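S.K.: Chains as they are written, first to last, in numbering that gives the first Met the number 0: chain A, 0 to 445; chain B, 0 to 445.
If you're looking for bench data, these hints aren't it; they were derived computationally from the structure.
Mixed in with the good hints, there may be bad ones.
Because identical chains cannot be distinguished in the list, a pair is counted as satisfied if it fits within a single copy or across any two copies.
[Stated by the list, open to error] Derived DSS-like pairs (lysine-lysine); straight-line CA-CA distance at most 30 Å:
no. : residue 1 : residue 2
1   : LYS291    : LYS269
2   : LYS259    : LYS443
3   : LYS443    : LYS266
4   : LYS223    : LYS358
5   : LYS443    : LYS223
6   : LYS443    : LYS68
7   : LYS443    : LYS269
8   : LYS358    : LYS329
9   : LYS131    : LYS259
For clarity, every value in this text was computed on a predicted model and none was experimentally measured.
Protein chains: 2
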Amino acid sequence: MRFVVIGGDAAGMSAASKAKRNRPDLDVAVFEASSDVSYSACGMPYNIAQPERTMDDLVVRQAEVFRSKQGIDLRLGHTATSVDRDRKLVLGTTSDGRNFEEPYDKLLIATGARPIRPDIPGLDLPGVHVLKSLQHGRNIKHDLASRNVRDALIIGMGYIGLEMAEAFVARGVHVHAIDLLPRLLLWLPQEMSDIVAKELADHGVETSFGLKLQTLEYSSGRLKAILDQGDADADLVLIAIGVVPNSELAASASLDLGPKNAVAVDKTMKTSHPDIYAAGDCADAFHIVTGKRVWIPLALRANRAGWAVADNITGNETFLDGVAGTAVFKVMGLEVGRTGLSLQEALDEGFQPVDVVIKSRSKAHAHPGNQTIHVNLVADKPTGRLLGGSMVGREGVAHRIDALTVALHARMTVDQFFQCDFAYAPPFSPVWGPLLTAANQLQKSL
Amino acid sequence: MRFVVIGGDAAGMSAASKAKRNRPDLDVAVFEASSDVSYSACGMPYNIAQPERTMDDLVVRQAEVFRSKQGIDLRLGHTATSVDRDRKLVLGTTSDGRNFEEPYDKLLIATGARPIRPDIPGLDLPGVHVLKSLQHGRNIKHDLASRNVRDALIIGMGYIGLEMAEAFVARGVHVHAIDLLPRLLLWLPQEMSDIVAKELADHGVETSFGLKLQTLEYSSGRLKAILDQGDADADLVLIAIGVVPNSELAASASLDLGPKNAVAVDKTMKTSHPDIYAAGDCADAFHIVTGKRVWIPLALRANRAGWAVADNITGNETFLDGVAGTAVFKVMGLEVGRTGLSLQEALDEGFQPVDVVIKSRSKAHAHPGNQTIHVNLVADKPTGRLLGGSMVGREGVAHRIDALTVALHARMTVDQFFQCDFAYAPPFSPVWGPLLTAANQLQKSL
Numbered sequence: 000m001r002f003v004v005i006g007g008d009a010a011g012m013s014a015a016s017k018a019k020r021n022r023p024d025l026d027v028a029v030f031e032a033s034s035d036v037s038y039s040a041c042g043m044p045y046n047i048a049q050p051e052r053t054m055d056d057l058v059v060r061q062a063e064v065f066r067s068k069q070g071i072d073l074r075l076g077h078t079a080t081s082v083d084r085d086r087k088l089v090l091g092t093t094s095d096g097r098n099f100e101e102p103y104d105k106l107l108i109a110t111g112a113r114p115i116r117p118d119i120p121g122l123d124l125p126g127v128h129v130l131k132s133l134q135h136g137r138n139i140k141h142d143l144a145s146r147n148v149r150d151a152l153i154i155g156m157g158y159i160g161l162e163m164a165e166a167f168v169a170r171g172v173h174v175h176a177i178d179l180l181p182r183l184l185l186w187l188p189q190e191m192s193d194i195v196a197k198e199l200a201d202h203g204v205e206t207s208f209g210l211k212l213q214t215l216e217y218s219s220g221r222l223k224a225i226l227d228q229g230d231a232d233a234d235l236v237l238i239a240i241g242v243v244p245n246s247e248l249a250a251s252a253s254l255d256l257g258p259k260n261a262v263a264v265d266k267t268m269k270t271s272h273p274d275i276y277a278a279g280d281c282a283d284a285f286h287i288v289t290g291k292r293v294w295i296p297l298a299l300r301a302n303r304a305g306w307a308v309a310d311n312i313t314g315n316e317t318f319l320d321g322v323a324g325t326a327v328f329k330v331m332g333l334e335v336g337r338t339g340l341s342l343q344e345a346l347d348e349g350f351q352p353v354d355v356v357i358k359s360r361s362k363a364h365a366h367p368g369n370q371t372i373h374v375n376l377v378a379d380k381p382t383g384r385l386l387g388g389s390m391v392g393r394e395g396v397a398h399r400i401d402a403l404t405v406a407l408h409a410r411m412t413v414d415q416f417f418q419c420d421f422a423y424a425p426p427f428s429p430v431w432g433p434l435l436t437a438a439n440q441l442q443k444s445l
Numbered sequence: 000m001r002f003v004v005i006g007g008d009a010a011g012m013s014a015a016s017k018a019k020r021n022r023p024d025l026d027v028a029v030f031e032a033s034s035d036v037s038y039s040a041c042g043m044p045y046n047i048a049q050p051e052r053t054m055d056d057l058v059v060r061q062a063e064v065f066r067s068k069q070g071i072d073l074r075l076g077h078t079a080t081s082v083d084r085d086r087k088l089v090l091g092t093t094s095d096g097r098n099f100e101e102p103y104d105k106l107l108i109a110t111g112a113r114p115i116r117p118d119i120p121g122l123d124l125p126g127v128h129v130l131k132s133l134q135h136g137r138n139i140k141h142d143l144a145s146r147n148v149r150d151a152l153i154i155g156m157g158y159i160g161l162e163m164a165e166a167f168v169a170r171g172v173h174v175h176a177i178d179l180l181p182r183l184l185l186w187l188p189q190e191m192s193d194i195v196a197k198e199l200a201d202h203g204v205e206t207s208f209g210l211k212l213q214t215l216e217y218s219s220g221r222l223k224a225i226l227d228q229g230d231a232d233a234d235l236v237l238i239a240i241g242v243v244p245n246s247e248l249a250a251s252a253s254l255d256l257g258p259k260n261a262v263a264v265d266k267t268m269k270t271s272h273p274d275i276y277a278a279g280d281c282a283d284a285f286h287i288v289t290g291k292r293v294w295i296p297l298a299l300r301a302n303r304a305g306w307a308v309a310d311n312i313t314g315n316e317t318f319l320d321g322v323a324g325t326a327v328f329k330v331m332g333l334e335v336g337r338t339g340l341s342l343q344e345a346l347d348e349g350f351q352p353v354d355v356v357i358k359s360r361s362k363a364h365a366h367p368g369n370q371t372i373h374v375n376l377v378a379d380k381p382t383g384r385l386l387g388g389s390m391v392g393r394e395g396v397a398h399r400i401d402a403l404t405v406a407l408h409a410r411m412t413v414d415q416f417f418q419c420d421f422a423y424a425p426p427f428s429p430v431w432g433p434l435l436t437a438a439n440q441l442q443k444s445l
């Protein structure tokens, strides 16, 4: 049997490797358009922050290792352009201009996502960047190394925009960040969003909200962003307004698409065609709280989905429950985490949600180094079921959020969650830690 | 209605305060034998480590606040000596030698636990300490401040023994720790126990195992411990071989006792008499994994049980599921956590357990400051149910263990736990974090 994978990033290489581990006799081929495979994309902002690190230290496994040690027919510079479902062929072109046509028995589409590029003039000017692939990361790093970049303009304040703000500040580059939205991280309650905004300001990051980028132009050696109100100039511009799934190949093969045009897959990662799977940032998932299809492209899901595909094509039937949208990121000295639904998302999904925002501490009463932690917890009033939550604090957020994630997977009520016997020791938590304190307060609204 | 509480520590004061909050008209009286109430006992080793801190900064709320602000009739220096169930009276003596006799409608026994004092000669010599009450803490701190203590001998290497080893080292005191057990922290797998042992050794703590203390004596201005094999001498000796429940009062009132002679309570914290409750370190609990009665005296349970009693006597019926025995503690630069059953405990409870020990990382591939985390995960082979686990690492252990705790409360299988959508970002975790990696390995044994 020949298993062909289109896309050699997290989902694709996870699937290829695990398929080979499961069945060493399997014929596994991977077609990757770029020349990079298997790298930690999420590590790029931290790598860019440190000029002495090479971008390639983010490569987890070299292409040659996949070939020689794992026996995977990995072909770089191979762009798949169409899939012939009837003849079971992948067609494409190589970076040196040849066409190729390759047969498959089972196919995995793992084409990932790409940064949204707004349809405006000036996007191709030198010094204008996006960040998704390792090559994008190299471009930014090279730009910072090769000229005197004093200030950067970041368009978009999602995870990437905020992590890159930190990276630029670490490099001594002044940052002005602009977002179309009315405030920072809309899924956070206002008072928690304000804490993150203050952290940015305290590190010299200038932020502007409710502004739309209309044009980028070059003016006296500087980039100039024309906005719907006013303008801003900088030595470097990073466009970080989100990503879209690379699902055109799947669409052209008449596969069903789901939310945001991501490739629709069932719980075995199968698309609407029985021999074709999709996984990673190009594919959708079921949300464990709503049960509905969502598109939340995150790294763990990509890896997990890749494994599931490998298991399913090698006869170890595997179903994935879905995603909680759990995410954590660092903003300067803050840890920000979320899982499940925010209050607004819960309303939009038809729940009758109630929520609470509480202030707790990272350590016990009187323990040195104690920091504030804010928790937002959301539940469904009629059923008492936990729907989601978020946390902001200087320490003790990143892993605490996972306890809430498990509770969401277990469909716990607030009352059940409040019963959990959490770990306590003075250096690590108050007796009643942040999540239990929040659950206790939320019980009063139920 | 008059609610009388015997014991003014975590469970007692939690119950008294919450009862007053629930029903301000309630007549609430607390009889506490010592002169301290409402303090963070677990904070004592960290306080002792810092000579500039006063022991009293561990007091969460002053006695006078309970009286004046909360209207609680709090009487210090009042030792309850018996309970007359028929006449519904608490009888006792005061520190100034008077007898008292006080009526109750509902009674809470929250008499806590006391350190085990082995029945050996020399236990009352100056410089020999135990650590449970704030007064014990003051005694140790005073001893360190008032003379030149160069070395300390710690008998027992449980949580308190290890935390005090760290405190003594912080004070520049050499530590020799001795335990009757054959190795450190028997509930940890050997290789994880070895990591903790090495951490102690790296900080100059000398350890000896399989040795029993037989006598303490005074010899040329030093304390000398005669062991079953050899002897050891020091300026100061700390006996930390565990605690026993203060259940004699309950036993004398013919209340049922449970494991380790702790006062047996149901899920509402009621004892075998309908008007008498027990909570805190003197009372037992149901284990959420086995469903059986256990005695695991820990701070969160004491606070939680105190609240439950208050709710139950004021008409808000509350049931507590039970405890997972979740604990975390710091040993020098290590975080050590556990929840649920160890492999041996699972065997002893009649499960058919399998376990795995894996090595993972605290941060993403190539992220600076990455540390090793070891995880032990235990499951029941026939059912696949998670039974417990433990973790050791320099960071990222203390809160991760809570995710496993929630999974135990939810009675998750390893397969279900492995589906959880954990948070990932390079500064905080590998894509597949330590717990998921362990779950994935454990799946292979199921």
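S.K.: Run every hint past the structure and note whether it holds.
M.R.: Checked hints:
1. Taking the closest pair of Cα atoms, LYS291 and LYS269 come within 30 Å of each other only inside a single copy of the chain (16 Å); across copies the shortest separation is 44 Å, beyond that limit.
2. Taking the shortest Cα distances, LYS259 and LYS443 never come within 30 Å of each other, neither inside one copy (37 Å) nor across copies (36 Å).
3. In the homo-oligomer, the alpha carbons of LYS443 and LYS266 lie at most 30 Å apart only across protomers (21 Å), although the nearest pairing inside one protomer, at 37 Å, exceeds that limit.
4. Taking CA atoms no more than 30 Å apart as the test, LYS223 paired with LYS358 passes in neither setting, with 41 Å inside one copy and 50 Å between copies.
5. Taking the shortest Cα distances, LYS443 and LYS223 never come within 30 Å of each other, neither inside one copy (52 Å) nor across copies (57 Å).
6. Taking the closest pair of Cα atoms, LYS443 and LYS68 come within 30 Å of each other only across two copies (23 Å); inside a single copy the shortest separation is 58 Å, beyond that limit.
7. In this assembly of identical chains, the alpha carbons of LYS443 and LYS269 lie at most 30 Å apart only when taken from different copies (24 Å versus 43 Å within one copy).
8. Proximity of LYS358 to LYS329 under the C-alpha cut-off of 30 Å is found in both arrangements, the shortest distances being 19 Å within a copy and 25 Å between copies.
9. Proximity of LYS131 and LYS259 under a CA criterion of 30 Å is satisfied intra-copy only: 18 Å inside one chain copy versus 59 Å between copies.
Comparing the model with each numbered hint stated earlier shows that hints 2, 4 and 5 do not hold.
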